[in-house]
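Generate coordinates for the entire structure from the input sequences, incorporating the hints supplied.
So the protein lines, in turn, are chains A and B.
Residue 728 in UniProt numbering sits at position 728 of the first sequence, and the numbers go up by one each step.
Residue 237 in UniProt numbering sits at position 237 of the second sequence, and the numbers go up by one each step.
Treat the hints with care, as some may be off.
Straight-line Cα separation of at most 25 Å, SDA-like style, residue types lysine to any residue; simulated pairs [to be verified]:
1) A:33 x B:5
2) A:396 x B:10
3) A:396 x B:181
4) A:396 x B:7
5) A:396 x B:215
Selected chain A positions facing chain B (Cβ under 8 Å, derived; list incomplete) [as the list claims (entries may be wrong)]:
6) 7
7) 290
8) 402
9) 405
10) 407
11) 408
12) 409
13) 479
14) 682
15) 684
16) 699
17) 719
18) 721
19) 722
20) 733
21) 734
If you only want the chain B side, here are some residues facing chain A, beta carbon under 10 Å, derived [stated by the list, open to error]:
22) 7
23) 9
24) 11
25) 12
26) 16
27) 209
Simulated from the structure, these hints should not be mistaken for laboratory data.
No residue lacks a Cβ here, since even glycine has one placed at the ideal position from N, Cα and C.
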Amino acid sequence: MRRDESIKVAIIGGGCASITTAFELTRPHHRGKYQVTIYQVGWRLGGKGASGRGPASRIEEHGLHIWLGYYENAFRLLRECYAELGRDPAVCPIAGWRDAFFPEPHIGLTEWSRSGNWLEWLAYFPPADGLPGDPVALNSPFTLRSYLARTVAMLRLLLFHTRTRYAPGDPAGNTGPDLPGWLPEQGEPPPATVKTVIATMTRLLRIGVLSSAAAISEALGVLTVALRSLPAFPERLVGNLMEAVVSAIRGRLESFVTEQDGLCYKWEVIDLVLAFLVGAVRFRLMTDPRGLSAIDQYDSREWLRMNGASERSLNSAFVRGLYDLAMAYEDGDPTRPGLAAGQALRGSMRLFFTYRGAIFWKLRSGMGDCVFAPYYEVLKRRGVRFEFFHRLTDVKLAPVESLGFGECPYVEALEFDVQAEIAGGGEYQPLVDVKRVPCWPSTPDFSQLVDGERLRQEGWRFESHWERRRSRARTLRVTEDFDFVVLGVSVGVIPFVCRDILERDARWRSMVANVKTVATQAFQVWMTEDMAALGWTEAPVTLSAFTKPFDTWADMGHVIPEENWRSPPRSVAYFCNVLADPAAPSDADAPGYEASCHDEVRRNAIDFLNRQVHHLWPNALAWSGGFRWDLLLDPDESPSDPGSAVAGERRFSSQYWTANVNPSDRYVLMLPGTLRCRISPLDNTYDNLTIAGDWTDCGYNAGCVEAAVMSGRLAAHAISLWPPLEDITGYDHP
Amino acid sequence: MDKPERLHRPELDRDEPRRDFMSYIRTHGLGGEKTAAAPEQDDGAPIEATVAHGVKLGYSVIDEQIRQGEKLAARLRQVSGKPGAMPPAELSTLIERALNIYKDMGALAVAAMETLVRSPLLQPGVTRAWQASPDAAAATTTGGATNFRFELAANRRTQVRLDIRPQGATFMPLVHSLHAATPSAPPLTAVRFHLDPATASPVLHLDVPDGQPAGVYSGVVVDSATNEPCGTLSVRIMS
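Laid out in structure tokens, this is it:
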């Protein structure tokens, strides 16, 4: 490598992965070796996680963002970012990461009951040791034997422990209801040696069928110890005992079903756990070098069905919630669910068994405010340049005939549309202050742009894929303007900007064809009555597996103090789900497609509020039927002028909704059989190009913040050999 | 003025995660891996004794497993006649699943034995088990070498990947030349397997000529006795 000057890195896109790569490459220990420039379409960072402040400084998101308690890489880097930022708590209310996030121990699922109602199924997950992003302790928990042992232990608890209800305010948090997620450390058999465990196995296997509850319970305990002791055990022996236990439990479950209707949900969870245990043995997942990826060609339901799960369990709220969480509906069609089994199991194991602090962490404010503004400020301090209003149009490869003997292909030029020029030629200043917190606005600051007032009046939509107006074209050239390229745009954008690569490279064509994305829809409402008055008497919750077209709801009342209302709302609710793609793909190219999708979401939301939301909020139903539209708070409405009020469902126009149909905004799916088509940021086919995003083969191939951060760290490793791969938590994982 | 030198991405030690549970049991984050190749005995007993015990036990319980399955099926049939019991279709499905599970377990048992006998660490225990159990020995007919040694002669960075399904105990792999996707690139011909008489295990020998174009070269590995394909060998030569 050239040693005499810094290395110029062009990062395209400003989402989680790109920001992470920039953060890694500009760490102080690199001593300024990498000179990073981020090229961003429009006026704000964040990608699919971007948020903005709208009327009344209300927070407007792409969708619902919740960080899970196992997002080790994401939390770790963000904690480092806040530490480096060093905000003064007396000056900024979001000064540290604990100000930005708070634990959410509840998960809600809904089930359609036989009596024709939606029943809520709320689970409390007690605090787990540590906090996400803490150093990984000795004896990494990310092993299948650890997961299996915990699964068996959970099974024992499900089967034999008396049901206890969560007591609000219990500081110990040890009295959770009987759902997966807590670790039944109490009641474990005493520490055992290999010999004693084998002896116990022998006895249990020789007493005939494990017909008594005590025998099954004991066997489960032995299995727990045995699985923890792998690989010191022959796999078959453990498998034999597991099989005996599974058979006995299935026999026992039958009495659950026939005698205790109220415990049907218990049957479903146990049935799924049994299917997983049987499948883990049948598919030899414990020893397969591909780990759980060995079953990624199967759909999750299909794989669980193959291993004995009943149809009722496969359609339970638990499984539906898993699909909803992953937006796992091909083309947005609820009748076409698809979720790669290995990744789904990996995600479930991580979710239930490796969370730290809390299973969910909610953001105190907008994702942009809590995550991307701090990163922006730190990266600016480190000398990163930000080129906003830059839309990538083409990645040009060096011609094949120009390559030397044995020379790898490389990126020769990057072509952009410069959407707007910055007045005075300086750098665009993107943040605004809301209650002493640096935030991103929902619209650009036109006053900073050359001819900005004209652009505003003409309605330039800088973030829209279909907005092609520009100020000028710009070309960056290798060695002159960049040495390395990090392509951090989403996979949906690749067909439009990587024509050379797609023409030459069959792997990239396969990736684009198979790594599919789905449009999403979301809406937010601000209301004049609190949740209790609306009829929701449970704790604030994030609830999934609800009815379409909005299967996920989060009570977001906690953001109200962060916004700037003259008369604050009493409650805030976010809803989201997939959005069905048009039947004919060509529709997406038609004029007005984006606007028609936007209007479709508005109609979906109004219909949902009129017809469905009363299942959650019974008091939101007007006596004459339909939603009480007067509940909605209009930020532009003057309390002193009641005559300005808009009545009826037209009031919904004052709320916020979005159709995420831009190729860069579409959610990346984990369809069965497609994960092998992903390409790793470590792939070295192109000499000066790497990729980053939750669509890459990053070790955790799911559409989420953690995957994007892992991918961003891998991209940094591909360029700088830092961080070490072993330092990317969860990359080496079954 | 000369054009500035174009930079190249650094070469990486690896480009994919370790998914095999045997390889990522780490002592801590940054490196320092402790592989599971040497399982530690927590009670001081020799590992081979435990394995021998395990193998014997495995065979002794297989009949027990079948009896359990029969009892389970019988019990389910009894239950099916009671009021409020499972529908017959679901009952049949359960029985069928149970039978399938036992069938799978049988296959797993064979596979587990294969794993056992291939592990040099566990072989003493397996040997003792066989000596103690003629039935067990008779039931296990497959096994083979999986420990390959590599002899690589190259002046450039080269990655070698051998994906192979071991055959019988006398298995000796054979590979001819390795070819690149580009027809113009000459094949790699200096590649062969030979047997190391000291360890009785195959050795892959590969010479990479200095002028060999960069790229990926691959070929099929066959069983030298039967000519049946049993794996692939790919070599990535860096530029």
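- Item | Hints violated by the structure (numbers, ascending) | 8, 12, 19 and 27
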